[in-house]
Amino acid sequence: MSVRPGLGELGLGAGKRARLYRILHEHGLRNGTAIFLPYDQGLEHGPRDFFAHPAAGDPRYVLRLAVEGGFNGVAVQIGLAEKFFWEYAGEVPLILKLNGKTDIPPDGEALSPLNATVEEAVRLGADAVGYTLYVGTPAQDRDFEQYRRVRADAQRFGMPLVVWAYPRGSAIEAKGGKDSFYAVDYAARTASELGADVVKVNFPHPEKRTAVKDEYDAGFSSQQAIDAVVRSANRTLLLVSGGTKAGDDAMQEKARESMEAGATGLIFGRNVWQRRHDDSLRFVAQLRDILAKYPSST
Amino acid sequence: MSVRPGLGELGLGAGKRARLYRILHEHGLRNGTAIFLPYDQGLEHGPRDFFAHPAAGDPRYVLRLAVEGGFNGVAVQIGLAEKFFWEYAGEVPLILKLNGKTDIPPDGEALSPLNATVEEAVRLGADAVGYTLYVGTPAQDRDFEQYRRVRADAQRFGMPLVVWAYPRGSAIEAKGGKDSFYAVDYAARTASELGADVVKVNFPHPEKRTAVKDEYDAGFSSQQAIDAVVRSANRTLLLVSGGTKAGDDAMQEKARESMEAGATGLIFGRNVWQRRHDDSLRFVAQLRDILAKYPSST
Amino acid sequence: MSVRPGLGELGLGAGKRARLYRILHEHGLRNGTAIFLPYDQGLEHGPRDFFAHPAAGDPRYVLRLAVEGGFNGVAVQIGLAEKFFWEYAGEVPLILKLNGKTDIPPDGEALSPLNATVEEAVRLGADAVGYTLYVGTPAQDRDFEQYRRVRADAQRFGMPLVVWAYPRGSAIEAKGGKDSFYAVDYAARTASELGADVVKVNFPHPEKRTAVKDEYDAGFSSQQAIDAVVRSANRTLLLVSGGTKAGDDAMQEKARESMEAGATGLIFGRNVWQRRHDDSLRFVAQLRDILAKYPSST
Amino acid sequence: MSVRPGLGELGLGAGKRARLYRILHEHGLRNGTAIFLPYDQGLEHGPRDFFAHPAAGDPRYVLRLAVEGGFNGVAVQIGLAEKFFWEYAGEVPLILKLNGKTDIPPDGEALSPLNATVEEAVRLGADAVGYTLYVGTPAQDRDFEQYRRVRADAQRFGMPLVVWAYPRGSAIEAKGGKDSFYAVDYAARTASELGADVVKVNFPHPEKRTAVKDEYDAGFSSQQAIDAVVRSANRTLLLVSGGTKAGDDAMQEKARESMEAGATGLIFGRNVWQRRHDDSLRFVAQLRDILAKYPSST
Amino acid sequence: MSVRPGLGELGLGAGKRARLYRILHEHGLRNGTAIFLPYDQGLEHGPRDFFAHPAAGDPRYVLRLAVEGGFNGVAVQIGLAEKFFWEYAGEVPLILKLNGKTDIPPDGEALSPLNATVEEAVRLGADAVGYTLYVGTPAQDRDFEQYRRVRADAQRFGMPLVVWAYPRGSAIEAKGGKDSFYAVDYAARTASELGADVVKVNFPHPEKRTAVKDEYDAGFSSQQAIDAVVRSANRTLLLVSGGTKAGDDAMQEKARESMEAGATGLIFGRNVWQRRHDDSLRFVAQLRDILAKYPSST
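Quick mapping for you: the protein sequence lines, in order, are chains A, B, C, D and E. Quick note on our numbering: the first sequence kicks off at 5 and runs consecutively. Quick note on our numbering: the second sequence kicks off at 5 and runs consecutively. Quick note on our numbering: the third sequence kicks off at 5 and runs consecutively. Quick note on our numbering: the fourth sequence kicks off at 5 and runs consecutively. Quick note on our numbering: the fifth sequence kicks off at 5 and runs consecutively.
Among the clues, some could well be false.
Identical chains share a label here; the pair holds if one copy fits it or two copies do between them.
Below 30 Å or equal to it, Euclidean Cα-Cα: the simulated BS3-like pairs (lysine-lysine) are [as the list claims (entries may be wrong)]: (1) LYS87 <-> LYS297; (2) LYS217 <-> LYS297; (3) LYS212 <-> LYS249; (4) LYS297 <-> LYS249; (5) LYS87 <-> LYS249; (6) LYS105 <-> LYS297; (7) LYS217 <-> LYS87; (8) LYS212 <-> LYS105; (9) LYS249 <-> LYS105.
Source of the hints: derived by calculation from the structure; they are not laboratory data. None of the values given here were measured: they were computed from a predicted structure.
Kindly generate the complete structure, drawing on both the sequences and the hints.
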């Protein structure tokens, strides 16, 4: 088991440290772990994600869920932040997602354009900003340049930067796919090398070995894989993503292995709000029970 | 029926609120509903749109019609605003349409370039600005970036932002087309996620189901479809577009269903001015009768 | 009697015209005249002005009075605009007063510093900005420079500029005082020469002749004086100020002479809100009766 | 008793609201009241203020006291914020004091120069900024201009602005002095007119009547005086300052009257840290008992 | 004895820390202490300072002395830095003195103007910048503003900022003079409050008690005084200045008491170079013997 680094070891300026302290030690379990609620699927996938549980199409419903469920933060695009966050301002940390796109055009050269700025996140009282970096696409150079400006602004304003590190594009598809251990491990390290404060990754699948680099073409367990991914992220705090809705037991096992590896927490959206309200809260309570076993010092 | 949100619930600053109040409560029926007159077809389609009723090719004629018909606003490009609006300044709210293009080149990678700025809209005394966002085209990333700057300026100047949310491009054509329920619903949500104050959509066609996402491949009624679209727009006020001229009864039925769903109003151009003057006023009066039944509080 | 110029004769761009149209033809009597409610005395004189009628110390009370009394606008400083106007946004035009000061230090070199900008007025949805120009003080050069930047911004944003033209300073005191015909006439012309759209003056006192320039040292009637002042303002619309609370009959006579001279209207603060609520409304109704006799065309 | 306004009534944008929510509802008593610990006396008066209790000369001691005493915020200059706040980042809200001066030169034309910017406050993770406005000095015009830029930046970044509203200068000395009811009441209103979110005033002394304006030359009780001052501040939240160290009973009586009047809280420095550590905590506990009786809703 | 803080406790970013590490741990005794050689007297006093030892008028001579004497840095104005430092670049740390003035005009409203920028210091390879802050003069507000910009630039470029904190002006002269314990103590604290990384002060004279604040009007020893001054500087590293040339024993006693109090080191100019070369080196060796007894950790 890796030991999760404390906030004092990350080389952070006072602003990033104050904001991460608020997220990790003044919300949720207040023990240095975190569960975030992402809610940008209305843009990334369209309203179809709400058909399973129409109430979740209403941003008020989801913000209220974030408060009631004791989440450490909720991640939304600028439009929902402007129109809905003011009612809950201060009650739950806001992660303003700065870029995003629809899934209508094909994904081969995916680049997620900026829809908002770090300065706007400051104005809205956000405690962090989010950026989707598509690792490995042919548009990677434009993506890195766009990202660099966001990172520099985040540094200037003392705003923690959460990177959604998503392997993507035809080259990734040809080498094990976007959630292979190879791809996820590379994405975690890329976020760390490029200065993310927090990185969100999919849980790695060591069994997806088709055409991956030789080093990954071996019989790793999922625990070994997530251990390695957390090590690759080093002083970039790591969040494991839930992805599409799956069985509760499987999700909890993922969560347990991630925390055991030294992850800071989870970022679960559809697994949380694509179900009835009381069922959402029950599921979150189970996740909190897991996180409670992995406190970290400030 | 969704309940239309009042201006006080939208998280608006004073300037956007004052200007929307003027549009919705000091013009037209003064009951929180709206009918807008768009008049940028001379650029978007060319003068051919005026052949049916040549008088409508004269901007003075259309501005006068906007005043006489008790419209809540008229949407024009910068050139007509500069040369014609001064005579009617203050008599009818101006929505300065900021981008626009001809329909001469093919539409596969459509991007509507900026022809004016929010600051120019302020200088002209406009009460809102309009932006055409082509949702789902391959040029989506450049469109989103261009849009972001407009949104930020609109925020800075307290100017309401009306987004013409148009699904467009080859991927859309391959998935049900630009006025399928799937496409329109996604477009409405996109405008909301990206911070539009008002969104203009085409009336959704739930029967266009070829190759749409699974969730939309079911027997929805048109009322169910427009209900969903209004919900997807949430706190972004929704206007239903008239599109090409159609039968009056069909248009009125669309209007009725839209208002029943919680839309704020209508934006009808060709259906209004592609006919004789008295016929235009008669048709508008019928639409007003419908809107009068759906007042909202401030 | 001078004929008040219509909005079409003032050489205004569309934005200034649209906003003045709203003020003069969409609020109050909607006949081209205006009564404004100034409410910056809390800064200019301190809370002592509210001791006569404590309810008027509450900005909500005064804003409500502006709406109920059918005023054409209310003039406040940025702080009250930010904290109170949003509730009434759009219901009554806002004139954002851009400069202001306390009356604590001595007035000999009075200069009223900028507390807000034209751009902030745009953001708040104001329909005009106000600027106090101290005509004739030793600090006149700094005042003119500061004013020039405000005027240029007002031009750039199409925002009508209302100048509080106040003769002030030791030189004025030595030549008939700040409300002599000489001083008021000079102040009105100064505002016009320097590009004000609207000028607010005190009612001129032709009997204050001690040490005034020879031309003013003659037996002018008050009607002759205000006629001349309105002519000096030429295409700058003129408002007559109420000043300290005085008898109702005297105020109405001032109002009648001013309108007869071609003034556009009145700007009465303490005379309105330093009395009981129903008495305020009764007094305003009397003033409206006078203004109703002096309509102007658009 | 005035009713203290809730955060939802103040016309605040999301960022100011989120940060004030954190200060008022996530620290201290979490009931909408506040006790702040100001610690800029080392600059304003010099180290002599620490001779009574030398431990308090060490910023670590005072920051720790702020955390242990459950303060709602600590106000320091940029130098101490840079060198000491990082250790406590997130544990107690930081109010970065933006201007300040030594008391060595004479005070007749006092102007407190800017030592830091709002952007630096953002970078440090501050939850508010502080500005000392000297109301009534001959340098008032330069002070207002400097303040205006701070206010505009605070607006732009969604950062609450706390104004230390201090009557000062020879004209104030000639009219009752800096803590007369007249002077304090005017200062509170000035902060409100100029857009402060929170105002810090000294407790008013209605018995200081020499040469004050007539309205204040009457037999007001101290409760009547503080009631009026809170009303003058209207939607600007009011903090009462402790000033030089005085008897505990007198301080508590001031606190009680202030809260009864509708103040939001207290800002006590020397009264807190110019005594032994356990005595500080005991005194603060007494103040908290008072504040606990005056909760406000969010 | 205060314990001198290590570099890791100062809240420094990486750049300031790297440069201070070079100064304190890679030059001189390499034990965390420092002796600096200031050489801006040619501007501050004119060439008269070189008459006692003409060779010292040649900047090459002094730079060579800095290298040979094992100094931790040499402080010069931009002109000498441009023309002479290149020959010794990297051999001895450069402190670029950013402001400075002649002593020809009277000192009552002293303000030391900027002669160079932090960016120029970067270009020249300097390891720190120096700024003279005149604490307590009537021009204090302009001085603080000029300083603020330097401090912000130093922060932005990661450049350590050394403040020459000099009490000055008529008010200081009237209260014990510029090297009274009161004045020096206040100056040290001011540098700390305003964000200096290192502060240079004159050795305090507790016996200068005429008209000082009461707290300082007591029988303090010089050790007690320098102890207090170091505490007032807290996490701002403190250097004691040599001032005019004095007896070696007295200087060494000052040095000993300063180091005992927790100072980081000495900044001795005229005492070093206003004597023969070998005598300079001998004197410096004696000072180094003292500093060797006060190592600090990194």
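Violated constraints from the hint list, given by number and in increasing order
2 and 6
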